[in-house]
Amino acid sequence: MILSATTTGISPEEFIAQYGDDERYELIDGELIEMEPTGPHEQVVALISRKLNVEIDRLDVPYFIPHRCLIQPLGTFNAFRPDLVVLDEGELVNEPLWAREPVITLGTTVKLVVEVVSTNWQNDYARKYEDYEALGIPEYWIVDYLGIGGKYFIGSPKQPTVTVCCLVNDQYQNVMFRRGDCLKSYLFPNLKLSTDKLFIGLR
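Start counting the sequence shown at 1203; every next residue gets the next number (my numbering).
No lab work stands behind these hints, which were simulated from the structure alone. Just so you know, even glycine gets a beta-carbon here, dropped at the ideal spot from N, CA and C. One thing to keep in mind: the hints can contain errors.
Dumping the calculated DSBU-like pairs for lysine-lysine here, alpha-carbon to alpha-carbon at most 30 Å [to be verified]:
#	residue 1	residue 2
1	Lys1253	Lys1394
2	Lys1353	Lys1253
3	Lys1386	Lys1399
4	Lys1360	Lys1394
5	Lys1394	Lys1353
6	Lys1253	Lys1360
7	Lys1386	Lys1353
8	Lys1399	Lys1353
9	Lys1386	Lys1360
10	Lys1386	Lys1253
11	Lys1399	Lys1360
12	Lys1253	Lys1399
Pair ranges (Cβ atoms, derived) [to be verified]:
#	residue 1	residue 2	range
13	Asp1398	Arg1260	36 to 42 Å
14	Lys1394	Glu1236	30 to 36 Å
15	Arg1226	Gln1361	28 to 34 Å
16	Asp1372	Arg1252	29 to 35 Å
17	Leu1249	Tyr1354	23 to 29 Å
18	Pro1359	Gly1241	24 to 30 Å
19	Asp1372	Gly1352	22 to 28 Å
20	Arg1226	Asn1392	31 to 37 Å
21	Asp1398	Glu1244	15 to 21 Å
22	Gly1241	Arg1381	30 to 36 Å
Please build the complete structure, drawing on both the sequences and the hints.
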């Protein structure tokens, strides 16, 4: 489906053509959003990636973490650039754009998405949450290592929090992990990753 950008801003097709290779931007509701990751943000992403790759190898499953990837839900004006995504190699044959560019349109291809919260935290907790849930992505992590999300999402007083969202009956069920906790993943049940490793020293 090709969407017109005449009234709603940039279309997904225009965004992919102009900014698909530019890791500074993603598209949300037709609006170009600049991403400004800090050094600590990248440390957190790297740690999670390393831990998940160990589990993928140990389980010997046909999953992989691409270096670069867009998630573009069909019929929307969104093209998300997740901090980390685990894809199922066996489902790529069904992706209409993958052979030409690293763009995912189907939730069945995605096993897990990780967003590390930065200044645009509202998108991670609301807009992306809604679309990832609608796509049927089975697991979504929101890693708020600075505790900057709204109190509605992480409670009061605000503190560093990892929210693991697991899809149950087409709806996300959220579990929050804070200092001293060990993350629990449905996809990787034997994962050993403590929140302290994600939070300590990253202020």
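These are the hints, each one checked on the structure:
no.: 1; hint: Lys1253 / Lys1394; result: 8 Å, holds
no.: 2; hint: Lys1353 / Lys1253; result: 29 Å, holds
no.: 3; hint: Lys1386 / Lys1399; result: 14 Å, holds
no.: 4; hint: Lys1360 / Lys1394; result: 25 Å, holds
no.: 5; hint: Lys1394 / Lys1353; result: 28 Å, holds
no.: 6; hint: Lys1253 / Lys1360; result: 26 Å, holds
no.: 7; hint: Lys1386 / Lys1353; result: 22 Å, holds
no.: 8; hint: Lys1399 / Lys1353; result: 23 Å, holds
no.: 9; hint: Lys1386 / Lys1360; result: 21 Å, holds
no.: 10; hint: Lys1386 / Lys1253; result: 13 Å, holds
no.: 11; hint: Lys1399 / Lys1360; result: 19 Å, holds
no.: 12; hint: Lys1253 / Lys1399; result: 11 Å, holds
no.: 13; hint: Asp1398 / Arg1260: 36 to 42 Å; result: 22 Å, violated
no.: 14; hint: Lys1394 / Glu1236: 30 to 36 Å; result: 35 Å, holds
no.: 15; hint: Arg1226 / Gln1361: 28 to 34 Å; result: 30 Å, holds
no.: 16; hint: Asp1372 / Arg1252: 29 to 35 Å; result: 32 Å, holds
no.: 17; hint: Leu1249 / Tyr1354: 23 to 29 Å; result: 27 Å, holds
no.: 18; hint: Pro1359 / Gly1241: 24 to 30 Å; result: 26 Å, holds
no.: 19; hint: Asp1372 / Gly1352: 22 to 28 Å; result: 25 Å, holds
no.: 20; hint: Arg1226 / Asn1392: 31 to 37 Å; result: 36 Å, holds
no.: 21; hint: Asp1398 / Glu1244: 15 to 21 Å; result: 19 Å, holds
no.: 22; hint: Gly1241 / Arg1381: 30 to 36 Å; result: 21 Å, violated
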